[in-house]
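Using the sequences provided together with the hints, build the complete structure.
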Amino acid sequence: MANYIRFDWAMKRLLRDKANFSVLEGLMTTLMGEKITICKLLESESNQESEFDKYNRVDLLAEDSKGTLLLFEIQNNTEYAYFQRMLFGTSKLVTEYINRGGGYDDIRKIYSINIVYFNLGCGTDFVYHGKTEFRGLHNNELLRLSPFQRQRFEVDEVSQLYPEYYILRVNDFNRWSKVPLEQWIYFLNTGEIPDDATAPGLQEARARLQLDKLSKAELEAYYRHLDNVVILRSNIYTEREEGRLEGRLEGRLEGRMEGLEEGLEKGEKKKALDIARKLKSKGMFAADISDLTGLPIDEINEL
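Quick note, the sequence shown lines up with residues 136 to 438 if you use the working numbering.
It should be emphasised that the hints constitute simulated quantities derived from the structure, not laboratory data.
Since we're looking at a predicted model, the values are computed, not measured.
Every residue, glycine too, gets a C-beta built ideally from N, C-alpha and C.
Please note that the accuracy of each hint is not assured.
[What the hints assert, rightly or not] Result set (PhoX-like, lysine-lysine): computed pairs, CA atoms no more than 25 Å apart in a straight line:
1. Lys175 <-> Lys153
2. Lys413 <-> Lys147
3. Lys405 <-> Lys417
[Said to hold, decoys possible] Between beta-carbon pairs, the in silico distance windows are:
4. Lys175 <-> Arg359: 46 to 56 Å
5. Arg285 <-> Ser416: 55 to 65 Å
6. Lys413 <-> Arg270: 43 to 53 Å
7. Asn436 <-> Pro282: 52 to 62 Å
8. Ser281 <-> Glu353: 50 to 60 Å
9. Asp291 <-> Ala352: 48 to 58 Å
10. Asn436 <-> Gly168: 36 to 46 Å
11. Glu198 <-> Lys404: 28 to 38 Å
12. Gln286 <-> Glu353: 44 to 54 Å
Written as structure tokens, this is what we have:
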């Protein structure tokens, strides 16, 4: 079986070429159950109102043939507030991609696709979908659009006006399947594409994401990325265990649950800084370190 480039690295380096859009289109088509055609990639403005304003770190932002915004995020390291980060990302895009003075009916539809290589939340599934609905408190009735609104916005449900979220928890999924979505999850986790793959986009991935197609410089950069991911995951395990220990100790004084949560947060931040120092000493760019550790770029520059 051929060796293929990890999807996280490919998305940052290779899938930005229009000739490779079919790979991302295949993932989206499989995930959403309808044909998705990506027209172009966009740059997120991510303007900061002040030095304390959070910036919107976007791995890849695309626009489909309907003008819908597709926000792709890949997260390798544990981030306990990742749910809030997803909310922040879509909220920022809502405000960035509306013309000043435009009406609220100009707000763009956003799909947030999050590929996470850690156990986000507590659940047994590997793909989750979130959308906004309004239901009556007394009769559980679903609030629907009026006929005029359906005609004006060209959608059938209120939820279609709001951002929708997909979470792909791929870390522990390693079984091959005939189901297209499960084939994609298998590839995202293992980097392998068996010969009988049928999911949209995987044939294109097989043709475009082979290691032997990389230049020498790209191959060296790719292997450095793999080394960094191994280091990161090793430190994630260590920081989790240290955080639990610190949390237990503090929990004796301030309450078990409160101490555990605080200990985990402190342990994660300390380890992230240690990792950032090591990567920076090896000459890695601050933006790449930020992608791997979740630390702000300005904080990395100060190390």
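Evaluation of the provided hints:
Between Lys175 and Lys153 the CA atoms are separated by roughly 7 Å; this keeps the pair inside 25 Å, and the hint holds. For the hint pairing Lys413 with Lys147, the CA-to-CA distance comes to about 22 Å; that is within 25 Å, so the pair holds. A C-alpha spacing of about 19 Å is found between Lys405 and Lys417, which places the hinted pair at or below 25 Å, so the restraint holds. The beta-carbon spacing between Lys175 and Arg359, approximately 30 Å, falls outside the hinted interval of 46 to 56 Å.
For the pair Arg285 and Ser416, the supplied restraint of 55 to 65 Å holds, since their beta-carbon distance comes to about 58 Å. Roughly 50 Å separates the CB atoms of Lys413 and Arg270, a value that falls within the hinted 43 to 53 Å. At roughly 55 Å, the beta-carbon separation of Asn436 and Pro282 lies within the given 52 to 62 Å, and the hint holds. A beta carbon spacing of about 54 Å between Ser281 and Glu353 agrees with the range 50 to 60 Å that was offered as a hint.
Separated by about 50 Å at the C-beta atoms, Asp291 and Ala352 satisfy the suggested range of 48 to 58 Å. Our hint of 36 to 46 Å for Asn436 and Gly168 holds, since their Cβ atoms are close to 43 Å apart. One distance hint, 28 to 38 Å for the beta-carbon pair Glu198 and Lys404, holds here, with the actual separation near 35 Å. A C-beta distance of roughly 50 Å is found between Gln286 and Glu353, which places it inside the suggested range of 44 to 54 Å.
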